[in-house]
Amino acid sequence: MLLVSSELKDKAVTVDDASQYSGAGIHLVFENSRVKQLDPPSTKVFLGGG
Amino acid sequence: MSWRRLITATIFVWMLVPLGQIAAQTASPVTTTLTDKQQKVLDYMLNDWNKQMRITGVELAMQNVGGQYSPDDRYAIGVFLRNNPHLHRTLRTFGWETATLTPTEKLIARIVSRAERENEPPPTQEEFARILEVSPHAVSGALKMLERFGIMRPDAAVKDLAYRMSEDRYQDWEGAMRITFMNHRVQVEGEKPFEVF
Chain A
1 MLLVSSELKD KAVTVDDASQ YSGAGIHLVF ENSRVKQLDP PSTKVFLGGG
Chain B
51 MSWRRLITAT IFVWMLVPLG QIAAQTASPV TTTLTDKQQK VLDYMLNDWN KQMRITGVEL
111 AMQNVGGQYS PDDRYAIGVF LRNNPHLHRT LRTFGWETAT LTPTEKLIAR IVSRAERENE
171 PPPTQEEFAR ILEVSPHAVS GALKMLERFG IMRPDAAVKD LAYRMSEDRY QDWEGAMRIT
231 FMNHRVQVEG EKPFEVF
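Chains as they are written, first to last, in the working numbering: chain A, 1 to 50; chain B, 51 to 247.
In short, the hints are calculated from the structure, not lab data.
Treat the hints with care, since some could be wrong.
With the C-beta cut set under 7 Å, the calculated list includes, among others, these residues of chain A facing chain B [stated by the list, open to error]: (1) Asp10; (2) Lys11; (3) Val13; (4) Thr14; (5) Val15; (6) Pro40; (7) Pro41.
From a predicted model like this one, the values you see are computed outputs, not experimental measurements.
Ideal placement from N, C-alpha and C gives every residue a C-beta, glycine not left out.
When you get a sec, could you build the whole thing from the sequences and use the hints?
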């Protein structure tokens, strides 16, 4: 998230991750540091790190 | 030469032999030979790791470099990374496993290690396929590769899955600066994907 809000802040960025607990996939799309798409929608995003 | 001097010299020589062996072991890291195309992937990774927060792994590096690569190629590069931690600080900080395993292998290892720590039965191969949204064949292949790297081992006593983590350090891998079985893949529009820590 640190990259999304700094080095890549002016770009369209997709991040693929997985739930820490279940391993289920997490798909995030950012544009200009702002969240454009969350899958699953219940995903919590902490911009700036972590 | 007096007896005292002879005994002293003998003891000195005996001390030098193991010291010399230890020095030789630390001075010359174990190297296996990579083919030209495997070396190309390694060079790509080392260059990638010089960029901020990057830790692009073997599988994605092979994809980005292009061409035909097999699981045997990834195994060869993974073993090379394991045997040569001097190659890059990223490797020494996060470990060869982080740069070598695929996202699916990491997720399986992460879930099995957690189940072992919490004394719970791990998911079956069929359950893994459903959770990770991959084919049963992909789960089976991931388990075989984890076994080949010595991270998991077959154990018929583990009901259904029949695999367990091979060492305690793979069961208790989480902690500060330890991302052994974690994966974050990033795609910037118009650029090749990469992985970060």
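Hint by hint, here is what the structure shows:
1. Asp10: violated, 10 Å
2. Lys11: Holds. Min distance 5 Å.
3. Val13: holds, 5 Å
4. Thr14: Check passed: Cβ of Thr14 (chain A) comes within 4 Å of chain B, closer than 7 Å.
5. Val15: holds, 5 Å
6. Pro40: Violated, because the Cβ-Cβ distance from Pro40 (chain A) to chain B comes to roughly 12 Å (cut-off 7 Å).
7. Pro41: violated, 17 Å
In terms of the numbered hints stated before, the structure departs from hints 1, 6 and 7, listed from lowest to highest.
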